[in-house]
Each structure stands twice: as C-alpha cells, then as structure tokens.
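Trainee: Residue-level listing of the chains:
Number of protein chains: 2
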Amino acid sequence: MRDVAIIGVGMIPFGRRDQDSLIDMLAYASMKALDDAHLGDKAVDAVYVANMGGGILQHQTGIASALVDRLSLLPAAADLVENGPASGASAIKNGVQAIASGYSDVVLVAGGEKMREVTGWRATDFVATLTHPESEYPYGITLPGMAGMFTRLYMEQHGLTAEALVAVAIKNQEMGALNPYAHVEMMITKEGIFDSPHSVVNNPLVADPLRLYDACPVSDGAAAVLMCPLEMARELTEKQPVVVAGFGQATDTHTLQERDDPTDLKAVRLAAQQAFDRAKLKPSDVDVAELHDAFTVLEIAESEHVGFFGKGEGSKAALAGLTRFGGKIPINVSGGLKARGHPVGATGVAQVVEITWQLRHELPKERQVKNAKVGLTVNFGGFGNNVLAFVLRRAS
Amino acid sequence: MRDVAIIGVGMIPFGRRDQDSLIDMLAYASMKALDDAHLGDKAVDAVYVANMGGGILQHQTGIASALVDRLSLLPAAADLVENGPASGASAIKNGVQAIASGYSDVVLVAGGEKMREVTGWRATDFVATLTHPESEYPYGITLPGMAGMFTRLYMEQHGLTAEALVAVAIKNQEMGALNPYAHVEMMITKEGIFDSPHSVVNNPLVADPLRLYDACPVSDGAAAVLMCPLEMARELTEKQPVVVAGFGQATDTHTLQERDDPTDLKAVRLAAQQAFDRAKLKPSDVDVAELHDAFTVLEIAESEHVGFFGKGEGSKAALAGLTRFGGKIPINVSGGLKARGHPVGATGVAQVVEITWQLRHELPKERQVKNAKVGLTVNFGGFGNNVLAFVLRRAS
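Heads up: the protein sequence lines correspond to chains A and B, in order. All residue numbers for the first sequence refer to the working numbering, where the first residue is 18 and numbers rise by one. All residue numbers for the second sequence refer to the working numbering, where the first residue is 18 and numbers rise by one.
Quick caveat, the hints were computed from the structure, so don't treat them as lab data. Since this is a predicted model, take the numbers as computed values, not measurements. Don't take each hint at face value.
No copy labels: a pair is met if it fits in one copy or bridges any two.
[As the list claims (entries may be wrong)] In silico DSS-like links for lysine-lysine, alpha-carbon gap of 27 Å or less:
| no. | residue 1 | residue 2 |
| --- | --- | --- |
| 1 | Lys333 | Lys256 |
| 2 | Lys390 | Lys207 |
| 3 | Lys387 | Lys59 |
| 4 | Lys333 | Lys49 |
| 5 | Lys345 | Lys59 |
| 6 | Lys59 | Lys297 |
| 7 | Lys256 | Lys207 |
| 8 | Lys297 | Lys382 |
| 9 | Lys49 | Lys297 |
| 10 | Lys387 | Lys345 |
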C-alpha cells in the first residue's frame, strides 16, 4: 500500500454563480489545483468528480467524461462518485485507493454542485432525495426537520444549550468573513441578531429549535485536489506535500428512528476512529479541524464524537472559546459549511483543500493556525448514515 | 498490489419489473451474490452501487447508503459510482482498487437501473443526458442518432454490411432465448423479420440505417458481484474463484464530431489494450467475450477494436459465424445488451457475472463455452467517450 500525498489544491469562491455551468465550476477548480501543483507534462491518470445533484438539478449524467474532455486530460479514466453531502470525501477516498493500489499515479478529484438554480422548498426537496425513499421521503421529512429533532434530543440528554449554538454561528460567520472563498461574508453579533427585538423576523425558526442562523446557505461552488504517491511528490512538485495519513468511512441506519440512541452519531465515531487508527494519531494530535456544520448543532455533536471533547462537553467548549481560532482546537477556521457554504458535492473536497492550506502554512495570518501539522475533516452524508473522515499530516 | 478474485455473483431477470423499486432490485441481486459465495460471518467491508438514473428517474440520491442498510451490512463503506452506461464497470474497477490497495478485503458491487418507469422519448431523453450538455444535448442528438451516423460511416469506410448487422441481431436473440435472465426471449429469423413484407412495420427505421432490431430494449434489472483478495478466496468460499486479471479504462472526446476519425473507437482500443497488458494476455487468448452491443453495429466495431479481428473484418466474421456460440470467439453468449437488456447501471456488472459463470463452467450445456479459461468484457460509456474493459481468468 503506497502512501498518498496531496500536491495541488484549488477552489472557486462559493456563492451564487449564475454565469457558470456545473462543468465550468468543476473545470475552474480543477485548473487551479493543476496550476497549484505545477506538474509540467506529467499526465493525470484518473479523474474523479464528486457531485450529488447533476441528474436532478441539471438533467445531466456522464459529467466526469465531460470534465476530463474539457480539461484536455484524455484518455484519463473518469468516474463520478455520489454519496449525498459526503460525495466529496467519497470521491477523494476512491482517488486515494486508486493511487494506493498502484493502478494510478496522479489523480485529480473535483467536487462541485450548482444548487442555486432551485430555490426555497425545491432546494430543501433536492437534499431530501437522500432520505429513505420508502420510510422517510414520502412522509415529507427533510434534513432541517431531522436536525431539529436531533437538536431537541441533544439538548434534553447531553447538555446542549441554545447559547452554544449561537456561539458556533457567530464564530463561523466571523471566520467566513476572513475567507475570500466563503459564500457568507457577513459578521454577526449576539446583540445584532439573536437578542435583537427583530430576531423573530431576522432569525426565524426553521425547524424548532433551529433557526435561520443555525443553517448553512444554499450555494454554488467547486473545489479540487490533486494527489500522487508520497514517494513521487517531491520530484513532481515544489509544493509542500500533505499526506493523507488515514481515512475512515462508516455507515449507520438510513433512518434516524431506527437507531438505539438517535443522539449517538455512530458513523462519525467509527469513521474518525478508523482514520486516527490508520494514521497512528489521536484526537489530541489534531491542530485544526473542518467539521460538517450543515447545522450548528452538528459541529458541536461531531466535536464530541470524533473525540475532541467528552459527550456533553462540546457545548461548554464552544462557549469557552476552545474551538475558536487561537483556541485549543480551532474548528472550521474556514467558516465551515455555515459560512463558506455547502454546495453539497464540493464540501468534502473543500474541507480537504482548507486543511491542506493550513498544513502548508499558506493562509494569511488572521486565519492561519500557527505551526499546524495535523488536520482532521469530517464529511457527513445523509443524517449521519454515511460519514467519512480524513486525518491529514504535513509531510516532514 | 493484491490480486483480486470474484467469489460470488448474482443477477435478477431483466425486463419489466414494475413491482420492484430500484433498491429492491439492487438488494435482490446483492443477496444472490452473497448467497452464491456463502461467506459465513465474514464481514463485507465496502459496497459500491452502479447506477446512472436514480436522480432523474427515481428522484433519489444516497442510494448506496440505503442499500447497505437494507442488506444489514452496516457499518460497511458505501458509495455510488456513475459513468453513464459504463457505470457498472466503473463501480467494479473502484471495488478492485479498494481491495488491491489493501484498504478493503470483501467488496460487494451492485449495479441496477429502473428505466421502464419512463417510456418512448422520455427513455431516450434520459440516456441522452450523457451527451455533451452544451454542444450536443441542446441540439437534440440522442444515442440512436449517434449510432446511426456512426453506422453509415462504418459502412462507407470499413466494409460493414446490413447483412452483418442482421446476423448479430439474430445470433444475440437466439442466445437470449436460452438465458433465463434475458429481457427478450424471442428468437427471430431473417425471413420472419428482415425479409418479411411487413418488415417496414415490424422493424421500422430508428436512426437510418439502424432499425428496431438493431437496438437493445429499455429494461429494468440488477446484477451484483462479490470480490476479495485472491489469496483469501479459497478460505472464504468453496466456489471456483475467477481472477480480475486486468482492467483498462480510457476516455475519448465527449463529442463524436471532434474525433479525427469518428469510426476509430480509440477508448475501446486503449481500454482493451490496457486490460490485456495488465493481464499479460492477448486477444487470441480469449475464450468468450461480452461486448457492449447497445446497437448491433457496436458489437462488430468493438470486435475489431479489441483486437479479435482486423478493421473491416468484423462483418465477415459475424457473417461467417465466428462469433457464434461454438465459433472461434463466441461473443455475447448471454444474448448481450440486445437480448438480455440494458438497464444501464446494471450492464457492466451483468457482463462480469456472465463471464464468471462461463469461467466457472456453471452454465447449461447449450450456452456453456467449453473449457473457457479467459473472458473479456467491454462496457461502453457515452458514445465511446468512457470505456472500460476487464480480462477475467479462471483461477488455477
């Protein structure tokens, strides 16, 4: 099994990109990753596209074939990988295995989604296509609905507080304002939004107890990573290589109500544990993490399930500022899904791009975690029914 | 790099399966493959689903997560792979790499499609979503349209004859009639269909010069394979292992008109060559082949491009019966896409299932290729823009 290194990364600003097609966005992010690595004439052997909604939103299939042609990377192999909102991490995993197996040397993974073509309930409905087709979708449950019920239970059983959710929202929008790739660049304050007399209008309930500012926006966007065997990284590029030290993937029951304890995100626990075991590292080794905060509650719950904090301690940690930039374990310094945005197929790739920048020490001072050596990503599919984690390490 | 063996296969009869959901079909085929291998309590590490149209036809995503739960294989990793009509082979390739890399031991790949929910132009439109979204789809080109133009050019330049197309259609429907999994079980004769005074009605033009009996039907169906490292196969199962001796994948220009020579199926040539090179075998070593005959012309063209016959010799070979059961190189003994049917996500998996049966010598005498040791599959995505080939070998 060959070790795999990330040698190029690229992203386009997330947000509303009416002028770009899905393929445009994937191509722009890919070209940035290729340019970042500056490979010269070394060929790309395989391309993976991560995308969830090309069929539903763009009435398109065969997108990987279109991209490899657009990028003039023929005759490279090209496949699309879909795993709901964890499509990005799934595509990277398959790219890692392509290299680790010895079948491919240079692999490009591009994740993208064009979601702003639909608005309102149609966007929520699109994401809800990942719910169980027989026992969930026909009854009208959506992801915000699931997250609301999960939050209520977490509050009752694990000391989650509304204040902690507010702290996560404020922190991530504050960091998003520093990230030129973020969809939401607006800083918010407790006084301005949550305690405002207008908060019932400005921050309406989405799914009790979750409010508007607990949820990520609906975004267009794309991100890409270029990988090769670690042993080839130094000769192929001058960039500081980042090693995929370990990955993990685990599934859980498709429906939330079938879980013995619906507040136990078993797939997050297993995926993170597997990634740490393979990396021979532990949660306390992590310098910076990107967790899947499609809703503020998920950042707190995941921070407990990956092992940063004990169960019930995540809220206190968020309130105490331990997860802020400069804190003990900075989470979502990018702004997370909450502020960077969540173009679903792009998210898992964008998380790895952000951690790569952090581990290369390339970010501006105001959001570069000092001397970061180890990073963690968690990409959460379904409502925790299919989760992937990566432990990334700065190559020595 | 570990060698990979197929240790279990399963398929459900293709055709019209109104009573089954997409997940039902994937689950039935998977259970057959699991039962075939009779693994005992050995866990499945990863599940791959091959599917093209879940989003467009069923308004579903996250199908791999639903399947792994339905099969009680939690917490196995689960991803969906899409590569148009070559999704099946792409999913198997990623399963092979998961095992070869050492990250997974036992991998299940299930391919399925539920296409009969749409009929007429909607079915053709669904498949056309794989054409180029800017330079093809908006202008109304469909796959039959491309195949028609390709056929005309092949006739003009490479000695393809209408008689050879008829021979392929008759051969494949004859073999399909012997295959209990085939959608089309009707044997046809030259007199009954092609030379009949009613042929203009019974066998109407679809895309000049291709007629109805040149095209595969629109089918529902699913197929599954179970794989593990070759070194573990003998201890895990009593079944005769079949080795994935080599695979190849290559892309070509997304649009047909950009190719220097549109009759040169470069991706077929490259994918087959790569598969043979990796297997250290050559076309003349192949005892039985499953080629992607979505249209009769493709079987003939592919039989030349993979190296069975020289360019322009495929027609003669078909007319001389060399590709019939009992001939020099039997092609599509299953009935092929033409008669077994072409539920797009299932096809690449079904081809590997058929070859596995052949190499295990498990088929009834009337369609078992005697003493078959080496098989080839070609799964053709787009109009040859993304093609995969597998060389399979009976383990000694």
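Trainee: For every hint, state whether the structure bears it out.
Mentor: Each hint, compared with the structure:
1. Proximity of lysine 333 to lysine 256 under the C-alpha cut-off of 27 Å is found in neither arrangement, the shortest distances being 39 Å within a copy and 56 Å between copies.
2. Taking the shortest alpha-carbon separations for lysine 390 and lysine 207, neither the intra-copy value of 33 Å nor the inter-copy value of 72 Å comes in at or below 27 Å.
3. Taking the shortest alpha-carbon separations for lysine 387 and lysine 59, neither the intra-copy value of 33 Å nor the inter-copy value of 45 Å comes in at or below 27 Å.
4. In this homomeric assembly, lysine 333 and lysine 49 never come within 27 Å of each other (Cα to Cα): the closest approach is 39 Å inside a single copy and 50 Å across copies.
5. Taking the closest pair of Cα atoms, lysine 345 and lysine 59 never come within 27 Å of each other, the shortest separation being 41 Å inside a single copy and 41 Å across copies.
6. Taking the shortest Cα distances, lysine 59 and lysine 297 sit within 27 Å of each other only across copies (25 Å), while inside one copy they are farther apart (32 Å).
7. Proximity of lysine 256 to lysine 207 under the C-alpha cut-off of 27 Å is found in neither arrangement, the shortest distances being 41 Å within a copy and 65 Å between copies.
8. In this assembly of identical chains, the alpha carbons of lysine 297 and lysine 382 never lie at most 27 Å apart, being 30 Å within a copy and 54 Å across copies at closest.
9. Taking identical chains as interchangeable, the C-alpha atoms of lysine 49 and lysine 297 are never at most 27 Å apart, the minima being 32 Å within one chain and 38 Å between chains.
10. Taking the shortest Cα distances, lysine 387 and lysine 345 sit within 27 Å of each other inside one copy (12 Å), while across copies they are farther apart (68 Å).
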